[in-house]
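*Asks:* Protein chains in written order, with this note's numbering: chain D, 1 to 117; chain W, 1 to 111.
Quick caveat, the hints were computed from the structure, so don't treat them as lab data. Fair warning: this is a prediction, and the values are worked out from it, not measured in the lab. Among the hints, a few may not be true.
[Claimed, not checked] Some but not every residue of chain D turned toward chain W, in silico, with C-beta under 10 Å:
| id | residue |
| --- | --- |
| 1 | Phe28 |
| 2 | Ser43 |
| 3 | Ile93 |
| 4 | Cys94 |
| 5 | Pro110 |
Positions of the beta carbon are idealized from the N, C-alpha and C atoms, including for glycine.
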Amino acid sequence: GAVVSQHPSRVICKSGTSVKIECRSLDFQATTMFWYRQFPKQSLMLMATSNEGSKATYEQGVEKDKFLINHASLTLSTLTVTSAHPEDSSFYICSARVSGGVSYEQYFGPGTRLTVT
Amino acid sequence: QKEVEQNSGPLSVPEGAIASLNCTYSDRGSQSFFWYRQYSGKSPELIMSIYSNGDKEDGRFTAQLNKASQYVSLLIRDSQPSDSATYLCAVITSGTYKYIFGTGTRLKVLA
């Protein structure tokens, strides 16, 4: 149980274009999903918290107009990197919490490696 | 600034030995603690969660929590080369449900 998928697993795009990453909880409902970014040899940095049916909450320093998050259903959240630049190249990972659960455990998707050329 | 600290390593142990990974946190009000394993190029995988003082065992893994001293540790018994990975400690601090991650400890199990 508690499987989270992400698509695509790897994407290469040109500078200035937009990229959408999907995060799905496959066998549970997730009221809350999280988006992280991880640069090489660094730990995960939380970018934003995505709540189903409401606006995402962004961490300090993360541009909400550049990283658009939509949590349209209890099993799907999307992250769109708009006007991507080479410095946005990173490993983007989503996670999800089980809705209604007493545990705060987060289950991570496999990640999306974004390369902006 | 609420912080979670781990020794970055690498921690090298021989196969079959016990690996001990430590994590300290600054927020005394923290209530929930998690250990994740992350292989190179992959996303984190939950190993254990612990919420109460004391030990919690799951197979070869034992998590230990001491809230008074503000540390949480992970013991891996009978370490295998396949355990070689980065181990991340995550803490949920008071007043929020968000994780704060440590920088991770890189473990190398030598065959």
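*Asks:* A separate judgement is required for each hint: does it hold in the structure or not?
*Replies:* Hint-by-hint comparison with the structure:
Against a cut-off of 10 Å between C-beta atoms, the interface hint on D:Phe28 is violated, since the closest Cβ of chain W lies about 14 Å away. Hint status for D:Ser43: holds, given a least beta-carbon distance of 5 Å to chain W, under 10 Å. The closest approach between the C-beta of D:Ile93 and any C-beta of chain W is roughly 5 Å, which is under the 10 Å cut-off, so the hint is satisfied. This hint holds: D:Cys94 has a C-beta 9 Å from the nearest C-beta of chain W, less than the 10 Å allowed.
Nearest Cβ of chain W to the Cβ of D:Pro110: about 5 Å, under the 10 Å cut. The hint holds.
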